[in-house]
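Build the full structure now, drawing on both the sequences and the hints.
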Amino acid sequence: MTTVLVMGATGKVGRHVVVQLRERGHHVRAVSRSSPDRFDWADRDTWRPALSTVDTIYLNVWGVVGVADPSEFTELAARSGVRRIVALSGRGDGGEDFLLNTPYGPWAKAVVDGERAAQDSGVEWTIVRPCWFAQTFEEDPKLSAVRDGEVLIPVGEGTVPFVDAVDIASVAVAALTEDGHQDQVYELSGPRAMTFAEAVAEIATATGREIEYVPVDVPEYVRHLMDRGYDRDSARTHAGPFQWLHRGNTGFLSDGVLRATGHEPRDFADYARRAAATGVWSPSGVRRRSRSGASGRC
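Read in order, the letters of the sequence shown correspond to residues 1 to 298 in full-length UniProt numbering.
Hints were generated in silico from the structure; no laboratory data involved. Hints are supplied without guarantee of correctness; some may be wrong.
No more than 30 angstroms apart at the CA atoms, straight line, and that leaves these computed lysine-lysine pairs for DSBU-like [unchecked claim]:
1) 12 to 142
2) 12 to 109
3) 142 to 109
In structure tokens:
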């Protein structure tokens, strides 16, 4: 059995990677900034202990923004005996340069640098590029908006084939534990493209509640978040990815889930029913999440 280092082990995808690996009987070193086996991109003293006796890495670079060069880590990993890296990235629309010039740019650059670090590491690599997660509706500020029954999002008519984080994890686990995925780039999507209005309607159906979708432009969305207590920089960062959707190029489907796992991706309606059953969108549901950082695709 492989020994797998799972970075971002408490994240939307990472926690599913951990579960699926353990279900397959693999030894997992699950790390984050708050885990017993601590890993922090900003603290290089945590890097070598995390890599000790590890031969495979699930690499999540979304926490690297502004604090480290991921190639330093992958070079250390290769010297430490790691033989395989599976990097969580993000699917683009051919306009990545556009996104780099928005407030979301540092996170977009981290994705590009993370891919390059894995590919140039000298070990086996696989890139996993999901589009927007279905679970994006479980994070603040969208989570609190769903609970309040009124979702303001500046997406225009852009569509997204939302992909379930469980499917993303399944692709990552296949690449981590099976042969035949080396030097592959898997672009992932769900089975159908949807507008955000359609996604909100699916959630309303699943919860049995009335939830209104309210279209706004980006400046209005930034003001809305600031009215709710976000500082300007955080509000503009949360709004950054939505500017991409206005380009209208994000609705295409990808076959990465099927190619990597042999099964079709889960539909958004299935995700909505499963999430609604947990009470996550109930007005008295789980606590609100942090207001810092990027509006999560990863």
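Task: Numbers of the earlier hints that this structure fails to satisfy, in rising order - done: Nothing - there is no hint that the structure violates, so all of them hold.
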